[in-house]
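Each chain, written out:
There are 2 protein chains.
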Amino acid sequence: MPAYAVGHKVPDSDSICSAIALSYLKTAIGEDVRPARLGELSPETLFILDKFGLEQPELKLTFADTAGIYILDHSDRIQGPDDIDDCTVLGIIDHHKLGDITTATPLEIWVRPVGCTNTIIKMMYDFHNVEIPKNIAGAMMCAILSDTVIFKSPTCTTADIKCVEALAEIAGIEDYKALGMEMFTVKSSVQGTPVRELVMRDFKDFNMNDNLVGIGQLEVIDLALFDDMKAELHADLQAVKAEGNRHTVMLLLTDIMQEGSELLVVSDDSSIVEQAYNTKLTDGKAWLPGVMSRKKQVVPPLQNTFA
Amino acid sequence: MPAYAVGHKVPDSDSICSAIALSYLKTAIGEDVRPARLGELSPETLFILDKFGLEQPELKLTFADTAGIYILDHSDRIQGPDDIDDCTVLGIIDHHKLGDITTATPLEIWVRPVGCTNTIIKMMYDFHNVEIPKNIAGAMMCAILSDTVIFKSPTCTTADIKCVEALAEIAGIEDYKALGMEMFTVKSSVQGTPVRELVMRDFKDFNMNDNLVGIGQLEVIDLALFDDMKAELHADLQAVKAEGNRHTVMLLLTDIMQEGSELLVVSDDSSIVEQAYNTKLTDGKAWLPGVMSRKKQVVPPLQNTFA
Ligand SMILES: [Mn+2]
Ligand SMILES: [Mn+2]
Chain Y
9 MPAYAVGHKV PDSDSICSAI ALSYLKTAIG EDVRPARLGE LSPETLFILD KFGLEQPELK
69 LTFADTAGIY ILDHSDRIQG PDDIDDCTVL GIIDHHKLGD ITTATPLEIW VRPVGCTNTI
129 IKMMYDFHNV EIPKNIAGAM MCAILSDTVI FKSPTCTTAD IKCVEALAEI AGIEDYKALG
189 MEMFTVKSSV QGTPVRELVM RDFKDFNMND NLVGIGQLEV IDLALFDDMK AELHADLQAV
249 KAEGNRHTVM LLLTDIMQEG SELLVVSDDS SIVEQAYNTK LTDGKAWLPG VMSRKKQVVP
309 PLQNTFA
Chain Z
9 MPAYAVGHKV PDSDSICSAI ALSYLKTAIG EDVRPARLGE LSPETLFILD KFGLEQPELK
69 LTFADTAGIY ILDHSDRIQG PDDIDDCTVL GIIDHHKLGD ITTATPLEIW VRPVGCTNTI
129 IKMMYDFHNV EIPKNIAGAM MCAILSDTVI FKSPTCTTAD IKCVEALAEI AGIEDYKALG
189 MEMFTVKSSV QGTPVRELVM RDFKDFNMND NLVGIGQLEV IDLALFDDMK AELHADLQAV
249 KAEGNRHTVM LLLTDIMQEG SELLVVSDDS SIVEQAYNTK LTDGKAWLPG VMSRKKQVVP
309 PLQNTFA
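In the order they appear, the protein sequences are chains Y and Z.
Numbered per the working numbering, the first sequence finishes at 315, counting up by one with no gaps.
Numbered per the working numbering, the second sequence finishes at 315, counting up by one with no gaps.
Honestly, the hints are just simulated from the structure, not real lab data.
Accuracy of the hints is not assured; some may be wrong.
Listed below are the simulated SDA-like cross-link pairs for lysine to any residue, each with C-alpha atoms no more than 25 angstroms apart in a straight line [as the list claims (entries may be wrong)]: (1) LYS304(Z) with ASP73(Y); (2) LYS303(Z) with ILE92(Y); (3) LYS303(Y) with GLU116(Z).
From chain Y, some residues computed to sit far from chain Z (all C-beta separations above 10 angstroms) [to be verified]: (4) SER196; (5) ASP235; (6) GLN266; (7) TRP295.
Predicted model, so just to flag it, every value in this text is computed and none were measured.
Every residue, glycine too, gets a C-beta built ideally from N, C-alpha and C.
Bound-form chain Y, shown alone (with noise of 0.2 angstroms):
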C-alpha cells in the first residue's frame, strides 16, 4: 500500500511541484510514496509541467485507506484533504504558520521561513543524498519562482534565490528570470476565463478565531487586465460568501511589476478588514501599495484583528 505527498485544496505550483519532487526523493530512499493532488491545475502550473515533461498528479481526494500522507504547503486541516482526521500524517513539509494538524504519532516535520515549499524540498534532496532528476529540477524551479514573485515577495530568502539558482544549473536553465517572467505572462492571461475560476484559482480559507475566512489571490503583470472584470468579480465573491457561510471573503489583485495589492472584500464586518490593514474600502477595494504576500502581509494582521 502506497503512502500520497499531497499539497492543499485548489493546489498551486508549490504544491503539485512539491508533491512529484517529494515522491521522488522518498522512492530514492525505498518509501513507496507517489504524489496526489486535491483539485485541478492552474494554467500557470500546466505550463510548467508541459514544459518539464511530467505527468499531472493522480486526482486523489482521501487518503484514509492509504499507507498515509505527507502533508505539502500547508498545516490547516481546512486546507488539507477532508478525511485528514482519519489518515496517517507521515510528514509535513510547508513554510507557513503552523496550523491546526495534529497526530496521534511521532512524525517528520520541515517547515522553515522561507518562500517556498520546494525550497526546503531542495534541503532535504541535500540532506539524503540524491541527486535531483533534470525535470524535476526545473519544476523546483519555476515553483519558488511562481511562490516569490521572481524574488520580489517580502516572503523571499536568500536561501530561496540561492536554491533557484542550483536548481536552474542542475535544470540547465541559463536565464531563469526570463522563464519566471514567460511563466506569469501565462498566469496573467484572465481573458476569456469564468469569473468563479479566477476566485478560485488560488483561494485559500482560513479559521480565524471561529470565523471562516476565505482569501483568493491573483498575480499579474499588469492589474489594468482587471479593469472589466472588476464589478464581476465583486459579485461572484458575494456568492462565494454566502455559499461557504464564510464570515468575510476577499480578493487580492496583485501586480507584480506595481508591486502592490488591490483588495477586494466582502464581509458581514469590513471594519475588521479596515483595522487590520490599516486602510478605507471605497466600494469594497482598497490599494495597498507594496503587499504582494497573502501568507507575511494579509493573513497575520486579519489573524490578529479578529483575536
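The hints should help you fit chain Z with the ligands onto chain Y, whose structure is shown.
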C-alpha cells in the same frame, strides 16, 4: 531583547541539554537565544551538567515579554510555558507526535521520528556547519542515552546511535555505554526521595479527547528498588489526580534491564486503561512486558482508546 530556548515542564535531560545546545548554535549563527527551564532539574540532569561543567539554564516561566521562544521536546501547549498563547513561537524542535501549538506567523520546525531532540539538534549543527563544543557534545550525548535508555527503547533509531557515536568522539568519551549506566544508576537512586518528587520527576499531562491524563515515568536499573514504596506511590497518584482534576493518572515504573514497565493506575474509568494495553489491572497495577517508551508505547494506544 533575547529569545529563549525552552523545553517542557518538569524538564528532563533532553529538554535541558537541547536548550543549552540550541542556544549555543543560534548564538553562533548570530541570533541572541538563551537557554531557560520551566522547573527544577532531576538528579540525572544535575549529574550531566556537573559532569560536563555546564551551568543550569535560567529558571523562567513566562516569555511573552521576550523576542520569542524555541519550543523543545514537545509541541503541546499544556507542556509549554503557561503564557505560550501570548508568545512568538520562533521554532519547534521535537521528536514526539504533533501537538496543538499553532502560530500566527511562519516559523522553523524540525521534527523527526527519532529517539531524542538532541539527535535533531545535531542535524541542525551539521546543517549550519557549526562545530559543537566538547562539553555540549557530551551533554547532548547523555540526553540521547537517557531518552533511548541506552538504545534499548523502541524509540531508538539508527540516527540516534550514529549521533551518540559522533558526539562521543567530539566529547572524547571512550566508553559511552559505561557513562550511560552510571547515569542510570544516579537516576535509580530513589530511596530517601519524597514520593511526590518521584511521581513528578518525569511527569507529563496530555489532553485526550478533552480528558486530562497525567503520565509519569521512572526508569531504574532494578524494579525491586520500589518494593517498599508502591503503596505510597499509589496513594500519591490519587492525590495528584484529585489536585489536578485529572481523569487518569498513571506512573510507569520502567526496569531498563528487564525491559518492561509496571504500570500504576488511578482513573475515573480503569477499563479504558485495560482496553488500551490489553491487560487486566490488579490493585491498580499491571506488568507490561517490553514497554519502555511512554511516547511510543503508552500514549498512542491510550489516545486511541479515548478517541
Ligand atoms: Mn507555497
Ligand atoms: Mn525527548
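Ascending list of hint numbers which this structure does not respect
none
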